[in-house]
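The listed protein sequences correspond, in order, to chains A and B. Counted the way the numbering used here counts, the first sequence spans residues 217 to 475. Counted the way the numbering used here counts, the second sequence spans residues 334 to 618.
Don't read these hints as lab results, they were simulated from the structure. Here the structure is a predicted model, which means the values were calculated and not measured. By construction, the Cβ of each residue, glycine as well, lies at the ideal position given by its N, Cα and C atoms. Warning: the hint list may mix true and false statements.
What the hints assert, rightly or not - Derived pair list, reagent style SDA-like, types lysine to any residue, alpha-carbon separation capped at 25 Å:
#, chain 1, residue 1, chain 2, residue 2
1, A, LYS321, B, LEU415
2, A, LYS260, B, LEU415
3, A, LYS432, B, CYS605
4, A, LYS253, A, LEU240
5, A, LYS466, A, ARG375
6, A, LYS253, B, ILE475
7, A, LYS272, A, ALA460
8, B, LYS502, A, LYS432
9, B, LYS502, B, THR521
10, A, LYS321, B, VAL378
11, A, LYS321, B, GLU603
12, A, LYS466, B, VAL365
13, A, LYS321, B, ASP480
14, A, LYS260, B, PHE464
15, A, LYS466, A, ILE406
16, A, LYS260, A, LEU390
17, B, LYS502, A, LEU291
18, B, LYS502, A, LYS272
19, B, LYS502, A, ALA232
20, A, LYS321, A, LEU291
21, B, LYS502, A, LEU233
22, A, LYS321, B, ALA452
23, A, LYS253, B, ALA486
24, B, LYS502, B, GLN524
25, B, LYS502, B, GLN577
26, B, LYS502, B, ARG368
27, A, LYS321, A, ALA232
28, A, LYS260, A, ALA246
29, A, LYS321, B, ARG368
30, A, LYS321, B, THR416
31, A, LYS321, B, VAL460
32, A, LYS466, A, THR399
Stated by the list, open to error - Here's a subset of chain A near chain B, in silico, CB distances under 7 Å, partners left out:
#, residue
33, ARG225
34, LEU235
35, ALA239
36, LEU278
37, LEU312
38, ILE323
39, GLY337
40, VAL430
Here's the letter readout for the chains.
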Amino acid sequence: MNVIYTFLRRDWRGLALPLALFALWYAATAFEWVNIKLIVPPEKVLEAGLRYMSGKDFTEALSNSLFRDLSGFALGGIAGILLGLAMGLSRWTEHLVGPTFNTLKHISLFAWLPLISTWLGTDDRAKILFIALCAFYPVALNTFEGVRNIPRAQLEVARVYRFTRWQSLTRLTLPGAAPQILTGLHLALIYAWMGTIGAEFLLLNSGPGLGDTVIKGRQAFNVELIIFGMLSIGLIGALFNRLAAHAETKLLAWRGHRV
Amino acid sequence: MTNASPSLAHAPHHGRVLQPASAFISRAAAHVGTRAVGLLLPLAVLYLWQTAVDREWVAIQLLPPAELVWQSLRDLWQSGDLTSNLAVSLSRIGWSVLIGSAIGWLLGFLIGLSRTARAYLYPSFEVFSQFPVIGWIPLLIIFLGIDEALKIAAISMAVIVPVTVATFKGIENIPTRLLEVARVYCFTPRQLLLRVVLPAALPSLFSGFRQGIMQAWLTLVFVELLASSEGIGYLMVWGRQLMQLDLVFVGLIVIGVVGLILDLSLRRLEACLQDWRHDNKQEQK
């Protein structure tokens, strides 16, 4: 009963626009108002998607892309947290590294790719390094700010209790900066996925991946495959975003509603 | 001296703290010191670079000497190639920001002001905003080809998302008491919009605009690397294909400098805007 009730009570108006667009798409192709080689009918996309998904290519492309994405994210995230902590905890490190960091972060991320690909080729190493770079900046910045924003009073309490360095790191700095670090990691997840797809688009013929599938679809003028690939890329991005938001609330539950 | 202190005394991360004049001299000395420390790392990298080139640790194709990069930068600047490519890139940014922020503001105002529009549009927008913009580009290429239309469309899409979100959040966060006052005074919708909503949401609007420009810059470089025959990204692709890495380095430097200038000037403007708002509030009290 309850399920039905909440089902009926939900606001379904948001579905109107997507349904209208879908109907337009369907009608335009069914009645051939448009060139159906260019604007392919929805059922063809579904068909191509199902065919592609049942083959081995899809799982290979998906797992390759996810592997790159997550290893880049992990590397960049760890490096970002370490640098953020170092800059946040030691003024000296901040003065030494900060100006360089703040200058380099203005280089638009994709501009690094020609250089990275010349040095490392177009294989997974180059991509993972690039993805790590994409993930690195938001984590480092947010960690740094999180550490810096820990209230002075709390630092003084730690000093009064004569915390060792380790204690003050694990009991004060990390928990205190946790919300910001998680914000950084959330952003990094989004950027890493963007970097994964971007790197696969730009570094041609560099092994299977979702982005590579889409690019191949474009070269073969296979619009069904492009749309299907795009949808899976978008869905995975949205899924990552959901997961990250969920993890953030779960992990910060101990802080109560202050976040 | 106190006049100079605000600009000098706040190092990049120290926020806007006004120093008393007495503390200024020691601060300034320390400041020069810390600035110098910040130079150590780039100098070390340059030294390492030079040593690597001198001792031929790596092939010259893979690591051009720093002087060559500097030379190419000057040559490209003097021949006008750099400025013409940069002008192309910047005009792409300009058009896209214009189109993207116009759509973004429109959407943001619609969603922010009207509950009905919000119910119909927001769910679709939310899904759209989570799709990475560059994922759309292959599809756009099919429809638009690889000419200017593609670049403008793709970059505009990157601008729409942050502008819409910031606009809509800015309107949503207007304190209810402001709206109540407006109701008490029987403001017309036009007055409500011009005297309450716009001024209150302005900082948020601007911050969305700034984020939009930064996203545009990111997407521009991507699109130019993917498909273009002019522009600063094209310069890099060209250098990469000819194995002239000095051109790639020049591209990196120029992209970094333009990004830095864009970001700093927009932040400065944003800060001015905040100050102006703050002053107005003080006066009203």
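Which hint numbers doesn't this structure obey? 2, 3, 5, 7, 8, 12, 13, 16, 17, 18, 22, 25, 26, 27, 31, 33, 34, 35, 36, 39
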